[in-house]
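Chemist: So the chains spell out like this:
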Amino acid sequence: MASTREAQAVPGVGYDLVVVGTSWGGLAALRTLVAGLPETFTMAVALVQHRHKDSDHLLRVLLQERSALEVCEVEDKMPVEHGRIYVAPPDYHTLVEPGHFSLSTEAPVRYSRPSIDVTFASAATSYGHRTVGIVLTGANADGSQGLRQISDRGGMAIVQDPRTAESPTMPTAAAKAVARARVMPLDGIVAFLRELPAGVPEREEA
Amino acid sequence: MAVPVSSEASLAGAPLTYNPDLERLEIELLLEGVFRHYGFDFRAYAYASIRRRLWKRVEGEGLRTISGLQDRILHDPEAMERLLLDLSVNVTAMFRDPSFYKEFREQVVPLLRTYPFIRIWHAGCSTGEEVFSMAILLEEEGLYDRARLYATDINDVVLQRAKQGIFPLDRMQEYTENYLRAGGKHSFSQYYTAKYDGALFSPALTRNIVFSQHNLVTDRSFSEFHVIFCRNVLIYFDKTLQNRVHSLFYDSLVMFGIMALGSKESLKFSQYEPCYEKLSATEKLYRKVH
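Protein chains in written order, with the working numbering: chain V, 1 to 206; chain F, 1 to 290.
Hints may contain errors.
[Claimed, not checked] Subject to a maximum C-alpha distance of 25 Å in a straight line, what follows is the list of computed PhoX-like cross-link-like pairs (lysine-lysine): (1) K102(F) - K53(V); (2) K268(F) - K288(F); (3) K278(F) - K102(F); (4) K195(F) - K53(V); (5) K278(F) - K268(F); (6) K268(F) - K102(F).
[Claimed, not checked] Residues from chain V that face chain F, not an exhaustive set, calculated with beta carbons under 8 Å: (7) V96; (8) E106; (9) E195.
Just so you know, these hints were derived from the structure itself, not from any lab. Computed from a prediction, not measured in an experiment: that's the story for all the values here. For each residue, glycine too, the CB sits at the ideal point set by N, CA and C.
Excised from the complex, chain V in its bound form (with noise of 0.2 Å):
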């Protein structure tokens, strides 16, 4: 742990958890965000992208290869760990509970099954202002209402300029139903996650 890091960091102040929600052109968007990861990242950051219930550990493994953190996949109560990346497993929904996932086969959620908008909510609920919501490429509106709540409970709001998008109607609904959302292309958000202060890592208690 860099100790710059530790003497800037106050409790309470910073981000401690990412996620990010993609669809149609996800792919390419993903592995380009966690190639600008660097190895000192020290935010959790949860991918949701929907994909085909039958999918493999495929995506986990060409996010891996262009990352230096650690990619998983996640598992039922699997600890939220600082500097770490977790891909929302296919035909599930993944919710976030203060320091740890939680997985649910409720009824999919306009269509998606890992939806969103579920994961955006939970993350609002349990991290509340220190959580980052990030909307890319996509062809549906998934991810506009869970942004919204991570925005509205003090949270980040990031979503990637349509414009450069592979498919602009997702981020094109997220910026429309959050005002106070950033939009920037994906080089620029990546910029930006690199200099936004990390919260403090703090472990969960057993």
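Add chain F to chain V, keeping to what the hints say.
Modeler: Showing chain F alone in chain V's frame:
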């Protein structure tokens, strides 16, 4: 978690400001009320998911707050029935996760052959799709006549449906594909008769299944088993309750008995990991070794 709420806002009936601590208090009070008045214990369910479903019911009832929902369900049993439906997740399929059943055939069946009699517990069996899948698998492996399957669920309504052995006809194509990918040895259609929009499964399959109501939260073990299936049930419990149920399963398994979890569940995050060894690199099959 400090999201300050001005006291004026909450007192004056102005638009409600979101306060996560207050919300948690309301949810805890509601669940305590449901438990003490109706006897259903959801107090140790995973919070994020139960919160989501309670808010869905708040909206469904046209209410504004969790406390408003508490008032309604305590005074209106029909509202409680609606809430119960929201809170019971009954998503299941025959040969769900085919690779799991294939691995079960290859890794577990040879172990089961060494027993003269096999007791299997399907904990949280819901409408029975996975129990019937197991009956078919054991029949094809020539083990069914020395097996007894105990299928339990907290919810008597789904158990009654499970007993009937009728599943939606429009899902048979999906189930047939699952069956084949799971290593099925015959033709799947030989196991059921199409009737209106239902597929009635052969009554011969239920000859060794015992259906009964059992509550994982409050009830104790009722036998010793060689295999316990509990797939995608524990995900709805919080960590404390999960550990308690794992303790129940541990006590209910014979030494070298098999514990089968859902494909995205793991013993890794429970206290019982050291008691088991992994039987498969890819599927959640564990063997009790300590």
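Chemist: Which of the listed hints are broken here?
Modeler: Hint check: 4, 9 fail, others pass.
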